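Work out the full structure, taking the sequences as your base and the hints as a guide.
Each chain, written out:
Number of protein chains: 2
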Amino acid sequence: MSKYWNETVNNIEPYIPGEQPKDKKYIKLNTNENPYPPSKKAIEAMENVINDDLKLYPDPTCSELISEIAVKYGVDEDEVFVGNGSDEVLAFSFMTFFSREKRILFPDISYTFYKVYSELFKLNYELVKLDDDFNIPLDEFKKSNGGIIIPNPNAPTGKYIDTENLRNLIEVNKESVVIIDEAYVDFGGESMVKFIKDYQNLLVVQTLSKSRSLAGMRVGFALGHRDLIEGLNRIKNSMNSYTIDRVALAGAKAAINDNEYFNEITKKIINTRENSTNQLRELGFKVLESKANFIFVTHEKANGKFLYESLKDNGILVRYFNKDRIDNYLRITIGTDNEMDVLIEKIKTILENL
Amino acid sequence: MSKYWNETVNNIEPYIPGEQPKDKKYIKLNTNENPYPPSKKAIEAMENVINDDLKLYPDPTCSELISEIAVKYGVDEDEVFVGNGSDEVLAFSFMTFFSREKRILFPDISYTFYKVYSELFKLNYELVKLDDDFNIPLDEFKKSNGGIIIPNPNAPTGKYIDTENLRNLIEVNKESVVIIDEAYVDFGGESMVKFIKDYQNLLVVQTLSKSRSLAGMRVGFALGHRDLIEGLNRIKNSMNSYTIDRVALAGAKAAINDNEYFNEITKKIINTRENSTNQLRELGFKVLESKANFIFVTHEKANGKFLYESLKDNGILVRYFNKDRIDNYLRITIGTDNEMDVLIEKIKTILENL
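These protein sequence lines are chains A and B, in that order.
Under my numbering, the first sequence has 318 at position 318, and the numbering climbs by one with no breaks.
Under my numbering, the second sequence has 1319 at position 319, and the numbering climbs by one with no breaks.
Please note: incorrect hints may appear among the correct ones.
[To be verified] Straight-line distance between alpha carbons at most 35 Å, and here's what the computed DSBU-like set of lysine-lysine pairs gives: (1) K122(A) to K1122(B); (2) K143(A) to K1122(B); (3) K1312(B) to K122(A); (4) K72(A) to K1022(B); (5) K102(A) to K1003(B); (6) K1174(B) to K1143(B); (7) K194(A) to K1022(B); (8) K1312(B) to K253(A); (9) K1346(B) to K22(A); (10) K22(A) to K1041(B); (11) K102(A) to K1115(B); (12) K3(A) to K1253(B).
Everything labelled a hint here was simulated from the structure, so no lab data went into it.
Predicted model only: the values in this text are computed from it and were never measured.
So, in structure tokens, the structure goes:
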């Protein structure tokens, strides 16, 4: 507390990212990073721009990266917005499309940042309760609102909603913007991108931090009707003219272009996820059906917090949320097959010693 | 305009960065970049982190960079905040220390972004009028306020206020935060950093885009009392956990560490500035006394807009502001000696053909 902080700073509860302890080398299954390295083409592209031109500002319009994304997703360039990670894209979206007057809606169990943004920008919001199986009840979103944000697949559950059901929601909700946060869509889900030309109120948000293995470079993007994109640019250009540096722009462009590698690693992760799911179920875990690069699991005999701590003691980091309804669950990022084998072995030992 | 934008987006006038035309190669003296390349050590440090670890998030606490800055400026680590360019640091400062209830104060002619931030965050503000010689009248800031921001040296004038006068302002203004924006202080000014332990309400903001030649990598920082820094971190962690990517963190750390190169290039730019100032004065220009890496000039016989356009036709970009009181001035970034020689020659020809 300080007398120099304004009321918002005093009251807000900032987001807490997954821990990054430096005391020893962990198998890191706690922040949904990709276990595979970035595309070699992206590495090469970044190496190529480490030169004297770094004295110059980056392109504020990010035109080359935007053009690459437009080609990849079959949209027009003015239907693409890029930002410093999808977190920044989401924050700017809250600043652009939502206002105090009307309540925005999002699931009670979902990405914690939605609530933080709502508090930060002093928005009214309603947490729509997931059902007992952690499904998002779309019908509960079909009421007067000032905006909707739904992660698909949801985090931390990994549960996925098919595009038909989402289209239906967007169609009956024409008066406000519906944001579909697709941070994890590339691991088996189907993107809503193909519908942005049908709905002027649909904004799709994606990131290069997961399926493109570039969490270290901070690039995310939004796809939607050109008016929505123009609004986002108005806010961005009122905060920071250059949010993505020269190296990140180059790496992101090359990563988007490398479809072959993208297909290879996302397939691998999906396979590993299905194998790990089966193995954990055999050990008595309840594992939610996931279309993401993580799984959400609980065991009736082993307490979630205890499992989290035991795994940490054994050199494996997973994510534990000390929150109502999910405080007996763990969110486990899908690593390489080897990493998941170690995880399974450690869990077996922990369960045997209960 | 879109029915999906909120009122703020509809009303705001975003900042417009200096033009970056791609039609031909220009001598670029319009965005206050450094004409010299980044430190070789920074280049090397960035090359060294282009590797598979880019799949992992950056350190959200930026601890190594912060530690380097703390050593360089002789402050504690909890007195340092880093962000995605000083623009982001400034935006977060507005979000942290200012509120609607009390008017904030800044000069009428100064960095345009202050006004944009005020509009974006719906703050009340008063533009304090510079005197006829473009001096900032500090006495006019000595009244009830909700915060003060002063660029020193000022942009686009380049004029500098000595630390004694600023200390006096901060001392009589204990109830609100005084931000000194020192983007250009390394070109002959004296930083207020040495006083942050004396004043709990002083925040000093700097950038690596100018004196460190890293505009392309987007890193800025703030120095101040630990309570101010904690407030900034609360806002940052409510917007985006990781605003600086791995490559930028590494490059910035190495650049801060390379004092020798920093001293060499800032000295060169100061010398070039003094030479160019003398030459332009000989050509009949009024050149304001500058402590920045740019000069603010006007010529009684040649109209500012005409000069800007003529120089652009001749392959040289300078900055022209179509604004009350300064619409007959040009802001010229200090380039290399060679670049400035070309500028002077072109100007001579333009003046001769009047």
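**OP:** Take the C-alpha atoms of K122(A) and K1122(B), compute the straight-line distance between them, and say whether it is at most 35 Å.
**Re:** The hint holds at about 13 Å.
Original post:
Does the structure keep K1346(B) and K22(A) at a Cα separation of 35 Å or less?
Top reply: violated (57 Å)
**OP:** Assess, step by step, whether the Cα of K143(A) is no farther than 35 Å from the Cα of K1122(B), and give holds or violated.
**Re:** holds (30 Å)
**OP:** Take the C-alpha atoms of K72(A) and K1022(B), compute the straight-line distance between them, and say whether it is at most 35 Å.
**Re:** holds (24 Å)
Subject >> Pair hint outcome, K1174(B) versus K1143(B) [Cα-Cα no greater than 35 Å] >> reply: Between K1174(B) and K1143(B) the Cα gap is close to 11 Å, so the pair holds against 35 Å.
Original post:
Given the hinted pair K3(A) and K1253(B), is their alpha-carbon gap at most 35 Å?
Top reply: holds (32 Å)
Original post:
Is it true that the CA of K1312(B) sits at most 35 Å from the CA of K253(A)?
Top reply: Distance ~31 Å between K1312(B) and K253(A) Cα, so the pair holds.
Subject >> Distance restraint between K22(A) and K1041(B), which requires alpha-carbon spacing of 35 Å or less >> reply: Within the cut-off at roughly 25 Å; holds.
Original post:
Does K102(A) pair with K1115(B) here, judged by a C-alpha cut-off of 35 Å?
Top reply: holds (28 Å)
Original post:
Going straight from one Cα to the other, do K1312(B) and K122(A) come out at no more than 35 Å?
Top reply: Not OK: K1312(B) and K122(A) at ~46 Å, beyond 35 Å, violated.
Original post:
CA of K194(A) to CA of K1022(B), is that 35 Å or under?
Top reply: holds (32 Å)
Original post:
Holds or violated: K102(A) with K1003(B), Cα cutoff 35 Å?
Top reply: Since the Cα atoms of K102(A) and K1003(B) sit roughly 14 Å apart, the hinted pair holds (cutoff 35 Å).
Checked against the numbered hints given earlier, the structure breaks hints 3 and 9 and satisfies all the rest.
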